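Enquirer: If you want the building blocks of each chain, they are given just below.
There are 2 protein chains.
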Amino acid sequence: MTNDSLASPSVSAAAADGPTPKFLRALAGERFDRPPVWFMRQAGRYLPEYRALRAQSPDFIAFCLNPEAAAEATLQPMRRFPFSAAIVFADILLLPQALGQKVWFETGEGPKLGELPPISVLESHVSTAADHLSAVGETLTRVRAALAPDRALIGFAGAPWTVLTYMLERGSSNREAARSYAWTNPAEVDALLAVLVESTALYLAMQVKAGAQALQLFESWAEGLSQTQFERLVIAPHKAIIARLRGLGVTVPIIGFPRGCGGLAKLYAQQVETQGVALDTSTPMELGREIQTLRTIQGALDPLVIRAGGPGLDAEVERLLAAWGGGPYVFNLGHGILPDTPIAHVEQVLSRVTGEI
Amino acid sequence: MTNDSLASPSVSAAAADGPTPKFLRALAGERFDRPPVWFMRQAGRYLPEYRALRAQSPDFIAFCLNPEAAAEATLQPMRRFPFSAAIVFADILLLPQALGQKVWFETGEGPKLGELPPISVLESHVSTAADHLSAVGETLTRVRAALAPDRALIGFAGAPWTVLTYMLERGSSNREAARSYAWTNPAEVDALLAVLVESTALYLAMQVKAGAQALQLFESWAEGLSQTQFERLVIAPHKAIIARLRGLGVTVPIIGFPRGCGGLAKLYAQQVETQGVALDTSTPMELGREIQTLRTIQGALDPLVIRAGGPGLDAEVERLLAAWGGGPYVFNLGHGILPDTPIAHVEQVLSRVTGEI
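Respectively, the protein sequence lines represent chains A and B. Counting with the numbering used here, you get residues 722 to 1078 for the letters of the first sequence. Counting with the numbering used here, you get residues 722 to 1078 for the letters of the second sequence.
A couple of the hints might just be wrong.
For chains that are exact copies, the list does not tell them apart, and a pair is met inside one copy or across any two.
Result set (DMTMM-like, lysine to aspartate or glutamate): computed pairs, CA atoms no more than 25 Å apart in a straight line [said to hold, decoys possible]:
hint: 1; residue 1: LYS833; residue 2: GLU897
hint: 2; residue 1: LYS930; residue 2: GLU793
hint: 3; residue 1: LYS960; residue 2: GLU919
hint: 4; residue 1: LYS987; residue 2: GLU952
hint: 5; residue 1: LYS823; residue 2: GLU909
Hints in this document: simulated from the structure, not taken from any laboratory. Model, not experiment: these values are computed from the prediction.
With the hints as extra help, turn the sequences into a complete structure.
Expert: Below, the structure is given as structure tokens:
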């Protein structure tokens, strides 16, 4: 990052023997005066060049599975901003599709899913789902080849419970139906989670083979779960995925993001052996520091304050740096950047975090 | 409670010199082998007798402001179940109406609010809003007269930030617009919160004068707030209301319910001098125990598991009793009981908590 500037960050050919990216060093526990930084949804609609690219591909799933387009989307924010890491452009609902459940996106309405296939059908796709998603691997390989060696590349998947909420509720939802189903049908939920654990581990291992240097598990709907449900639906599947990945020989660092779990983030950090824990907007500064004694933390600027901008934004950035900069830390948002966020506000944050103009 | 049975709890005339209700003793820090218990929304649609009563009054606001009907709704669950406390039947949106903003309810759609009046109009109603809501006081007086002396009566109000989210968004909402507004218009929000702090304090003081023996502040939309916003929008107004109430000579115990605030519940308990902190469904058992060193805690059974019933429900009740029964504790839900909850499941919980059949 030291040679990058906000005006023209380097997106050049990778050198396999280059320096370890700052982002990976932070995940290994190193502490920096200026932490590495990336934003969730940094490739996306707030960028005019993304909107132009996306306009050429009306079908969102096809766009995700087009390595040329997805690699371009992944790289767009890396050209414009001094982000320390790129995250492959994809969607957490590619996996249920690869498992045999129909998925499509309607403009302005979010995802829609077809009927949940019988468990036997889902199970029959587990070993082939990663192959079905080989395009995501090709995207990673293309991006890794184009990215400067001091910038890391992140692969990701939805965590099993979050993906299952979509599979059960079949689209944008309040998650209450899925949580209720988990109380009333524990055996069915355990079987579905087992399918997702194994297919997710194979999918993530494929991503690492293709070039991902770190992985993030997005548990976007951890909110509202009691501790009992959190242990069963979040902690246990995350542990199982990590154990499976390590068994497959995958050694890259892993970040878990149990969004909305509140105080349960501490239990998560204690029990799940990730290298990083991504924290959401409402995480207390003190809780973040406690988790830093166990893991590198990542987060947690409010996407609403970036959109708002102004002196309040500067104050929030400074508050996070002051509270968490003393330990292993990756600067990020507490949730994805909003589509109507002004570019100038992103620059305002990055200027303050990186010290580059 | 010792003389009550699940089949026919006593709802008899009050004796002013009776024993201190178990609920109030728990809020004073006392610990019981069997904690006192009440349910949020215990007066409501899951009861057939409530649905019959409500069918006579299509206008929900008029129903709330009819002391005879509201007292009957308040007492219905007390006749059927051995709840330790009654909570006055009312709605948190009565206050904005009393401040001059139109409020109405459309069946199946939740509340609707008219345009937010100018701040000068709201300010002009602050000193008279409690008088405008004298019907709530009359309901409390009627209920207190009908309730056995060992059962407590709770008054309540919406907390300022939660009420303000409704006033700003004018109905059921995702709260994101209100949170954004708070980042972009801090001075306006401070002025609106000041109106709500003063009118809420006067409204709660009136409720105590009319018979409320404890108060609960419902901060239903504390979720998603960063620590900065939580301190400004939740902690500061709660502290101001409590200081104002104590200044008005109100001495009854107060419970704060910062729902969805996650790990910030600890900061809340440290900074806001309530007697009780109500905890939501996703509160870690360990965090509850930490807060018990400062305050009595209340909560936090998942409304979804009561609706689900079965052995999972028994296990959750036992888990809460085992984790929190060792300190000052009021058994309750983590959120309001759902309208389609079977009565038998409520009995299942109360049988286990109270030891009465």
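Enquirer: Taking the hints in turn, state whether each one holds.
Expert: Do the hints match the structure? See the list:
no. : hint            : verdict
1   : LYS833 - GLU897 : both (17 Å within a copy, 23 Å between copies)
2   : LYS930 - GLU793 : within (20 Å within a copy, 67 Å between copies)
3   : LYS960 - GLU919 : within (12 Å within a copy, 50 Å between copies)
4   : LYS987 - GLU952 : both (12 Å within a copy, 21 Å between copies)
5   : LYS823 - GLU909 : within (20 Å within a copy, 47 Å between copies)
In summary, this structure violates none of the numbered hints.
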